[in-house]
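Working from the sequences, and respecting the hints, build out all of it.
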Amino acid sequence: MLTQILKNVKENTPLVHCITNYVTVNDCANALLAWGGSPIMADDVNEVEEITTICSSLYINIGTLNERTIASMLKAGKKACELGHPIVLDPVGAGASSMRTKAAFDLLDQVGFTVIRGNISEIKTIASGAGSTKGVDADISDQVTEENLDATVAFAKKLSEKTKSIIVITGAIDIVADHQKSYIIRNGNALMSKITGTGCMLTALIAASAAANPERPLDAAAATVCSMGICGELAYDRIQKEGKGTSSYRTYLIDCLSQITEELFKEGAKIEIK
Amino acid sequence: MLTQILKNVKENTPLVHCITNYVTVNDCANALLAWGGSPIMADDVNEVEEITTICSSLYINIGTLNERTIASMLKAGKKACELGHPIVLDPVGAGASSMRTKAAFDLLDQVGFTVIRGNISEIKTIASGAGSTKGVDADISDQVTEENLDATVAFAKKLSEKTKSIIVITGAIDIVADHQKSYIIRNGNALMSKITGTGCMLTALIAASAAANPERPLDAAAATVCSMGICGELAYDRIQKEGKGTSSYRTYLIDCLSQITEELFKEGAKIEIK
Amino acid sequence: MLTQILKNVKENTPLVHCITNYVTVNDCANALLAWGGSPIMADDVNEVEEITTICSSLYINIGTLNERTIASMLKAGKKACELGHPIVLDPVGAGASSMRTKAAFDLLDQVGFTVIRGNISEIKTIASGAGSTKGVDADISDQVTEENLDATVAFAKKLSEKTKSIIVITGAIDIVADHQKSYIIRNGNALMSKITGTGCMLTALIAASAAANPERPLDAAAATVCSMGICGELAYDRIQKEGKGTSSYRTYLIDCLSQITEELFKEGAKIEIK
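Respectively, the protein sequence lines represent chains A, B and C. The first sequence: position 75 = 75 (UniProt numbering), numbered continuously. The second sequence: position 255 = 255 (UniProt numbering), numbered continuously. The third sequence: position 44 = 44 (UniProt numbering), numbered continuously.
Everything labelled a hint here was simulated from the structure, so no lab data went into it. As the structure is a prediction and not an experimental result, all values here were calculated from the model. Check before you lean on any hint, since a few could be wrong.
Distance condition first, Cα-Cα at most 27 Å in a straight line; then the derived BS3-like pairs of lysine-lysine [what the hints assert, rightly or not]: (1) Lys102/A x Lys78/B; (2) Lys244/B x Lys274/B; (3) Lys194/C x Lys7/A; (4) Lys241/C x Lys241/B; (5) Lys270/B x Lys157/B; (6) Lys270/C x Lys194/C; (7) Lys241/A x Lys244/B; (8) Lys244/C x Lys241/A; (9) Lys7/C x Lys266/C; (10) Lys75/C x Lys244/B; (11) Lys75/C x Lys266/A; (12) Lys102/C x Lys75/A; (13) Lys274/C x Lys244/C; (14) Lys241/C x Lys10/A; (15) Lys270/A x Lys241/A; (16) Lys194/A x Lys78/B; (17) Lys102/B x Lys79/B; (18) Lys194/C x Lys10/A; (19) Lys78/C x Lys194/C; (20) Lys194/A x Lys244/B; (21) Lys244/C x Lys244/B; (22) Lys78/A x Lys194/A; (23) Lys7/A x Lys266/C; (24) Lys10/B x Lys241/A; (25) Lys194/B x Lys194/C; (26) Lys274/A x Lys157/A; (27) Lys158/B x Lys270/B; (28) Lys102/C x Lys79/A; (29) Lys241/B x Lys7/C; (30) Lys78/A x Lys102/C; (31) Lys7/A x Lys244/C; (32) Lys102/B x Lys75/C; (33) Lys241/C x Lys194/C; (34) Lys266/C x Lys241/C; (35) Lys79/C x Lys102/B.
Example chain A residues on the side facing chain B (calculated, C-beta under 8 Å, incomplete) [stated by the list, open to error]: (36) Ala96; (37) Ser98; (38) Ile195; (39) Gly245; (40) Ser247.
By construction, the Cβ of each residue, glycine as well, lies at the ideal position given by its N, Cα and C atoms.
Given below as structure tokens:
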């Protein structure tokens, strides 16, 4: 049962080492705490190995990366590999600059990721080195739709086989796939793209879920994506009821992460196996 | 009509390259999304040219600058100039240290800014190299009042002529001026100075508005300043009604940016041409 | 009277130079404004001396430190010492990596701190170089309880004598001690550990309070710790009443900091001298 995934996070309070961008770092920390994990942010090359050693998993996010932090990501990633920790990558803006694309490729070469989560454009960049990225949003031409869903699932499974990582593609429809099995998730709300950080937070939560459920990383990723979508729906209901805007939406989204229960998950999940 | 300015932002979703401080960067990102734009933050010297090339405008903010990011600001600024993109400067704390003042002057020398927005103290530093700055707030002796308004407008117009930039001075009374024409705006609420980031957010929004209204940068800046002030008033009404404090005020300010309509703008605008 | 401490902050609006981590920096800025102070963040080695000179106190927080910012902390700290400004240290994660521990020790060697605030694990690291730290939370085995309270107070007083700094240990029970006198504070709510930044914010507020009450740093620290705890209780009441979660809790905590009055302080304070 996927609800066990949530329970294991709350019971284990996994400590997640985060090397992430300075735009949404506070949201990631608060989302991790709300979800039942515990964050520690550390990005200096002289401490990342020690920090990652005392943690249960590693979260690498390449938004606002720079030469200093790329070195730290590589060093932390290799250490976490050695230790067998789950490692999760958010290739923010891969494809938007050659530096980001190269950083993503270097990470993929040198670090074995348990999960890679991005929008379809970022994941295509990961796959091919030829994607295009408009900011941090998926290109319109690259959105996952009911029409191209089967093809995209096949693409995700193939990429998972190639990278040996679980592939998570988020958008209007979310796909969570390993080389054999995929979850299709239809939760969420369009307003999630009108605040910054939903993708970053989700990837951070996956790092916590994977740490608390080491035998079931695919289920852990799927349950987390689904929960985030449900929270996006519940938060939308709250702002509609109160007549509020996008900043309240961000607040309520994290509120809901701290309030989601097994019952809310079971009632709300729109998830199927493909 | 100034309402067209708002409409053009929503319809064009301009992508704004932001090189800004780490204190209010999340607020800037969420404010841009609320306003109808889309943010991308990137400050490494190796990617800023590519990133600014895929964007519609550039926002440079010198709060928490350092030697690494100063180089990035200059490089991005020159590239955006070449491309003819609107470029907006927030000289946070210019005058507070010789490093910030010098960075501001170097930027002015090497980059042609479409708009420069600051408090009166920062703008005086820009003008003369002799201003004084207490933190990020205007000195009491330097506030714009009804008594010195005409003189300050004349100062702003002259500075605009000298810098070839639109000058925006914000405070209890706001001035938006080019070398010929100025808008005087009397919207806003004193509580806006009791949260961090209102200035930074406003400057970011101006970058989006200028990108979506390339033929009318003066109107774009004025409509944005006026909208921010109206949202500051609406947010104040909400916290008064709910008995809340300054953090809720910040949330509701961004909420209002996501909810402002042409009607609310027309009803609320306290704007005159001088 | 401790209420005078709060009054002095509001009346003096002390400008606090903050060199702090990028995770909670926005919370620190907004908390300082809510409390009645004014923040300025600056961490480049070329400007920290000038910035600290125009401020009333200095706040150093070693979360997300790096080689560049360690140099800035030392330089700013020495300058603030020379100027006789109150200087407050938050040794976030001291003990979690040798780099952080060394940075904390170097700061203690070269800078005279007015106040040092941490959880028991961080403070033990400060004391001995032999503490253990799990992320930013105190080890379970190291929590302050009614049983070990007297011993911990004695430890704090001894450490204060050794460091010549006021020692603030926060947790379920808070201790504020100099070498002779200690305040024991039993305000607060467990939910304060489910959001990031309560410790960082508290230390920043102490820097403001110490600046506005230069003759009474012990009382200033105690009144601030107590106020933060009261606000944690009031914010909890609000979210319970509204059925909200942890992100609303963060918002309401800062709201309450902007709304606390002498009356609320007097009614709510659970403080004793030991």
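Does the alpha-carbon distance linking Lys102/A and Lys78/B stay inside the 27 Å limit? Holds, because 24 Å separates the two Cα atoms, which is no more than 27 Å.
Verify the proposed pairing of Lys274/C with Lys244/C, using a straight-line Cα cut of 27 Å. Status violated; Cα separation ~37 Å.
Run the distance test for Lys270/A versus Lys241/A: straight-line Cα separation, threshold 27 Å. holds (23 Å)
Interface restraint verdict for Gly245/A against chain B (beta-carbon cut-off 8 Å): Since chain B brings a Cβ to about 3 Å from Gly245/A, closer than 8 Å, the hint holds.
Is it true that the CA of Lys270/C sits at most 27 Å from the CA of Lys194/C? holds (22 Å)
Under the criterion that the straight-line Cα-Cα distance not exceed 27 Å, is the pair Lys78/A, Lys194/A satisfied? violated (35 Å)
Below or equal to 27 Å on CA atoms is what counts here, so check Lys241/B against Lys7/C. holds (26 Å)
Does the alpha-carbon distance linking Lys194/C and Lys10/A stay inside the 27 Å limit? holds (12 Å)
When you check the alpha-carbon spacing of Lys274/A and Lys157/A, does it fall within 27 Å? holds (11 Å)
Within a Cα-Cα threshold of 27 Å, do Lys102/B and Lys79/B meet the stated pairing? Roughly 20 Å between the alpha carbons, so the hint for Lys102/B and Lys79/B holds.
Pairwise hint evaluation, Lys241/C against Lys266/C, where the allowed Cα distance is 27 Å at most: holds (23 Å)
Starting from Lys241/C, check that the Cα of Lys241/B is at most 27 Å away, please. Holds: Lys241/C and Lys241/B sit about 17 Å apart, inside 27 Å.
Against the hints set out earlier in the document, violations occur for numbers 2, 10, 11, 13, 16, 19, 22 and 23.
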